[in-house]
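Chemist: Go by the hints and put chains A, U and B onto chain C.
Protein chains: 4
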Amino acid sequence: MSGDIKKIVLAYSGGLDTSVILRWLQETYRCEVVTFTADIGQGEELEPARKKAEMMGVPASSIYIDDLREEFVRDFVFPMFRANTLYEGTYLLGTSIARPLIAKRQIEIAKEVGADAVAHGATGKGNDQVRFELGYYALKPDIKVIAPWRHWDLNSRTRLLDYAEQHQIPIAKDKRGEAPYSTDANLLHISYEGKALEDPWVEPDEDMFTRSVAPEKAPDTPTYVEVEFRHGDAVAVDGVALSPAQVLTKLNELGGQNGIGRLDLVENRFVGMKSRGVYETPGGTILLAAHRGIESITLDRGAMHLKDDVMPRYAELIYNGFWFSPERLAIQALIDNTQEQVNGTVRLKLFKGQASVVGRKSPNSLYRMDYVTFEADSVYNQKDAEGFIKLNALRLRLGAMAKGL
Amino acid sequence: MSGDIKKIVLAYSGGLDTSVILRWLQETYRCEVVTFTADIGQGEELEPARKKAEMMGVPASSIYIDDLREEFVRDFVFPMFRANTLYEGTYLLGTSIARPLIAKRQIEIAKEVGADAVAHGATGKGNDQVRFELGYYALKPDIKVIAPWRHWDLNSRTRLLDYAEQHQIPIAKDKRGEAPYSTDANLLHISYEGKALEDPWVEPDEDMFTRSVAPEKAPDTPTYVEVEFRHGDAVAVDGVALSPAQVLTKLNELGGQNGIGRLDLVENRFVGMKSRGVYETPGGTILLAAHRGIESITLDRGAMHLKDDVMPRYAELIYNGFWFSPERLAIQALIDNTQEQVNGTVRLKLFKGQASVVGRKSPNSLYRMDYVTFEADSVYNQKDAEGFIKLNALRLRLGAMAKGL
Amino acid sequence: MSGDIKKIVLAYSGGLDTSVILRWLQETYRCEVVTFTADIGQGEELEPARKKAEMMGVPASSIYIDDLREEFVRDFVFPMFRANTLYEGTYLLGTSIARPLIAKRQIEIAKEVGADAVAHGATGKGNDQVRFELGYYALKPDIKVIAPWRHWDLNSRTRLLDYAEQHQIPIAKDKRGEAPYSTDANLLHISYEGKALEDPWVEPDEDMFTRSVAPEKAPDTPTYVEVEFRHGDAVAVDGVALSPAQVLTKLNELGGQNGIGRLDLVENRFVGMKSRGVYETPGGTILLAAHRGIESITLDRGAMHLKDDVMPRYAELIYNGFWFSPERLAIQALIDNTQEQVNGTVRLKLFKGQASVVGRKSPNSLYRMDYVTFEADSVYNQKDAEGFIKLNALRLRLGAMAKGL
Amino acid sequence: MSGDIKKIVLAYSGGLDTSVILRWLQETYRCEVVTFTADIGQGEELEPARKKAEMMGVPASSIYIDDLREEFVRDFVFPMFRANTLYEGTYLLGTSIARPLIAKRQIEIAKEVGADAVAHGATGKGNDQVRFELGYYALKPDIKVIAPWRHWDLNSRTRLLDYAEQHQIPIAKDKRGEAPYSTDANLLHISYEGKALEDPWVEPDEDMFTRSVAPEKAPDTPTYVEVEFRHGDAVAVDGVALSPAQVLTKLNELGGQNGIGRLDLVENRFVGMKSRGVYETPGGTILLAAHRGIESITLDRGAMHLKDDVMPRYAELIYNGFWFSPERLAIQALIDNTQEQVNGTVRLKLFKGQASVVGRKSPNSLYRMDYVTFEADSVYNQKDAEGFIKLNALRLRLGAMAKGL
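Residue numbers (my numbering), protein chains in the order written: chain C, 8 to 412; chain A, 8 to 412; chain U, 8 to 412; chain B, 8 to 412.
Everything labelled a hint here was simulated from the structure, so no lab data went into it. Be aware that one or more of the hints could be misleading.
As the list claims (entries may be wrong) - Under the rule of at most 25 Å between Cα atoms (straight-line distance), these lysine-lysine pairs were calculated in the DSS-like manner:
#1 LYS410/C x LYS368/B
#2 LYS14/B x LYS390/U
#3 LYS410/A x LYS118/C
#4 LYS410/C x LYS151/A
#5 LYS368/B x LYS202/U
#6 LYS202/U x LYS356/B
#7 LYS14/U x LYS111/U
#8 LYS58/U x LYS14/U
#9 LYS368/U x LYS224/B
#10 LYS202/C x LYS390/A
#11 LYS13/A x LYS224/A
#12 LYS151/U x LYS410/B
#13 LYS410/A x LYS111/C
#14 LYS368/A x LYS410/U
#15 LYS224/B x LYS356/U
#16 LYS224/C x LYS224/A
#17 LYS257/A x LYS224/A
#18 LYS151/C x LYS13/C
#19 LYS368/U x LYS257/U
#20 LYS356/B x LYS356/U
#21 LYS390/C x LYS390/B
#22 LYS390/C x LYS151/A
#23 LYS111/A x LYS410/C
#24 LYS14/C x LYS390/A
#25 LYS14/U x LYS151/U
#26 LYS151/C x LYS390/A
#27 LYS390/U x LYS224/B
#28 LYS224/U x LYS390/A
#29 LYS390/B x LYS151/A
#30 LYS356/A x LYS224/C
#31 LYS224/U x LYS356/B
#32 LYS111/U x LYS410/B
What the hints assert, rightly or not - Which bits of chain C does chain B cover? Going by a derived footprint, with three or more residues having C-beta under 8 Å, they are:
#33 305 to 314
#34 361 to 373
Idealized CB from N, CA, C, for every residue including glycine.
Just chain C, with the same shape it has in the complex (with noise of 0.2 Å):
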């Protein structure tokens, strides 16, 4: 195994599990490992990853730490949500978007410094090991992938933190416990999964939540926000312009405020079991409800209802890992020919948990109120609704003529 790997770029949190694999892949392969480390949102310092990757004798120059947030939101959120994406009915994909971006750039750095392998610290049964590496295949066919989860001897946390102590990594006193969760963070969302969530009977503590005040505790009157849209993307809250990253921090703010965006649900993994995830997604709750909103004046129903059709295979094309897959690049070409017109305002009230639409207005609106109620002599006349039935209706007429009916 040591012999063939000359180069390997890590995905590098700086916490316990992946300074452990750090230093694993340092003894195994006997090579050079690049850490990287990404800013996407997830509300961590990344300047002590940089120090303990340092502590582990990565060069400073084998460092790369990025700030990708404007990029996540930009290219990666903003498009999912032109589609109005939900898996399975509710889950808004908050941890799937992300790793699309992480394999993108860490493949990006791989070719920089010539690293032969990636590495990453998801484990053997979820469903991030696939959308990284389906990532890192698509982008650079002749990657090595090295999964340590699903290779080492270190799968108890015992062994782990034996193993971390073993080689002086730095243990966070609140890591030596086992972990009632696990989560996954990034501007999107934060994610919950595992132990003390695993009897989908019963309901999460409230003090698990941290992006959002419960929806008890959230202010007793309502808020009311207004997104603007441009080709289907959100540009302003409140009428401040603000970046895409801008966007959603803003709209996280005032989801988490009101107790938006909470999420508890059974999901099915690609690689094949159900599972149980609870998700906080406050700004995304909020730019779903907008951008159908914005869509329901702007869009053509026929465009509408073949959006509609595709979305859940889109989504599952995300969450199953299949970002830079040929077909998702094909159902995002037929999204994005959709948006041209899709600009405006929408008004949404939050309040304690809800994000309502109350009102949507539009340069491009296709509503207007002298069409619902329009003279005889106008667009519509009521009796071309005759032929119109009529017509529909023939099929169904010789159909049931042909049972004898």
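Modeler: Below, chains A, U and B alone, put in the same frame as chain C:
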């Protein structure tokens, strides 16, 4: 016109509009008009409709008044909810799903009484005319259909009132002025459309709502409810076995008390324009969340994703009035085929406008804690993930290689 | 009626029916009628149409005669073939795809000449009226549409001939009797419908066909042809670079000589009834096979299956006349997005009615002999298959276990 | 490895490869191996397989030889043909559809004899391993699966022959050399793959084909055949009632004589690479055309288009081996739901490679000559077309107006 028709069955609410229609039909066609009034849970007394029909000369034997609430929920609402049906991502189809039942019963009566025509009070710009008439034609292809709103000259409020007065049709006091919105109600929902709602930027008045308290006024502590499912249909609430209509009634009560099920949207009508509608669907909103919840642990991924893929089309069929079409029946066969194992109980938290699933359990559960964390030698071997990913990646790699990546 | 219309652009073939329409429009509306005659490869001289229009009083400046063959193939036929489009599994949409082009050019002329109305000669029971008019309305929403066949009283052959005689409209000898079938022709196909074909149990007469020899009379030795593609469009035949219309012309010639492209079917019209049509599409039949052939080695599986999934809907949109709809454009964006790498050459055997792909090669080929049989250490490791199967099977196993299997 | 397995059921053809596997299993696992040989119409004697198994020490009571031809056609081929199933637009799935039946019977035998393992002779790069194993796991989730080709070291022809010789396994003379292609046969089709076919630019040799004469050598006059359907399944040929297997046998005979059903393609394997296959499916090719033909006059448009929309996915499921998955069963329920009225007779012309529908009739026909040409006062009023078009156009017009057209 008058010579052709022998006997007409009118969908009769007892209200001003259909009373005017009743008289207009009697005068125009000079034939017997049979009235049919259904209780589908709209929450109005039906006996006044009988009295009014009698007053207008309809013989007792030609007055049909039916309680269709159980049939409505059992054969229309529940089959639709098995599909987690939402039109345009949000609308629970409360009006759409009631029309085929009215049409079906009306045709049954037409056959019983030997009528050759049916009539309804839906206007010429809406969806309901389509839903009624597609139902009529599908069930009795030689039926004659009379839609007075498309034909007569009573198209203004004033003319209608004048006609009513001229013909001694009693006008309720509150009907003299122009109503700020028109409504349609049944056990699943109540809808509001028209006048006061026509500007989609303006939030509806709080005093419009009738089936739910404002979230702001809902209790400050959450209500928990348990819904039990059998083969995909709700059969008990909080441990009490209930009939279909009783289930929905109970959930309406709980939902309404907690401000659940309000929806404000702009939708695409089948007849081609956009319109703004506001809906209250308290029980249905709970039921949808609960059904998704029970499916999340009992339904296979492949079946679930297939259902999700066909759902928007199924919703469109119902919205457009094609309940009795061969393709709706075929999709229903697909949906129903998946529900055998959809048994178990869902626990929901109802709080100030939101119904959130917080627990689910089932004797048929496909989720098991031990699968998610199971030991290496059980059904899941982490090393299998490598082969799984490698073969899923293969076409992406070959594609990348062909592009010289 | 006559007062409203100022100027009409008529889709004018020069034949009896549209000549009668021309005169009828002039008489009925007492306004200028501009004639528009297009060469879309129907195989008829256009100058007689000019003469006839002149004879009927249309000034030279109001006679439009356009050769649209290249535009037809480049912008309509080729985009459609990128999707491997078949309506109801078999029909190549030869008539459907020409109508939007006629409509588009007619509206362009209407704008040029300041006409407020357009007219066409399609009947009231067919699909073509829909295709024309949806095109008109989509491109110029305030256009007035005149469809004489739905309005006038010349609905029998005798009345039409009488009218022609009364108005000195020349009648070709072979038009005096009732034609055994009506036809529509363009560079992609010729269709036959009506009278002699109405019994779907009866095979059409051999002497009806005009674009292909009978398979029985085709050469006894096969013809081989090579078609070269670039980005999904055919650009050369047998090594000779050709324009779009030239490609189709050449393939029509080869197909016709080998009895290829005949189709006899009963199809479902958009207006609600079934009708029997017989078609000759010699070049198109070859082109479809060739395009599938080149895609088979250059298109990723995911993209191909996605295309296959949306194709029936795309075909339906074209058949129903929604070429200019937002949803057709969105699907086109999806289709076109997949064609970048669809380059290479396909070899076909043409023999007595059949076009069979027998070879394909491409600089972008995703097929490589060494992948199918490659060595153990290359991109494919047979042992990966086990993990692949195991994880694909996991949900099936869990499902079976839950059922006690 | 050897300690775990108690008894194995092997899918045994009697050929060299599975004979080597039989011996290898006996040696490796030192447990009883039960052989199962099925007649699914592959056209080979089964008694030699019995003899060979006996020779290799399998007791008579452990040799299963079953004639599954009727079950194959009735429960697998016919349900698939109800959907007009084609993989990637052209392939009739002859191999894919047989695998689940083998898997099902193998598991039945495993249950009967108390075996804990099954084995098959499919290689590690193909689709068949997936199809077998998904079937096994779906029907008996705790089964152990042995796929020798993925595990042993007999991966070259030489080694296999050496092993055979060392273990006294008789080798047919024609098996000593390397075969130019591998084949798989059953009552639906025969496939050819491998060596001589690996260059997709090269046409296969005429002498490879075994089930059909070359179109060039087929009779110079067409053969006409009539196929009768009941509920979507073929029940008679030329007026003679036949069992499912008899129908297919008869159509194979007629198709083979007329050079029908050859297909040469490059397809996308589920395991990720493209491969070239050549197929002969004479009867199936006729049956597909015939089934489309009978549906064309008996199936409602909505149902037909729905079927067309789901067909590619259904085909993919079968190709990928998901016959026993919940989603295949759900789609089957949809398909079967549409076939009630699919009754009647189709007439086809068979000529030098082509099967063309030339007539169809049905007691349930939805096509009636009088509908196409009916009088104004019948079910179709030409004036209805105007309203129909106007309302279909409405959203296009509003869209165009919003863009200022």
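Chemist: Going through the numbered hints above, which ones does this structure break? Give me the numbers in ascending order.
Modeler: Hints 9, 11, 27, 28 are the ones this structure does not satisfy, whereas the remaining hints hold.
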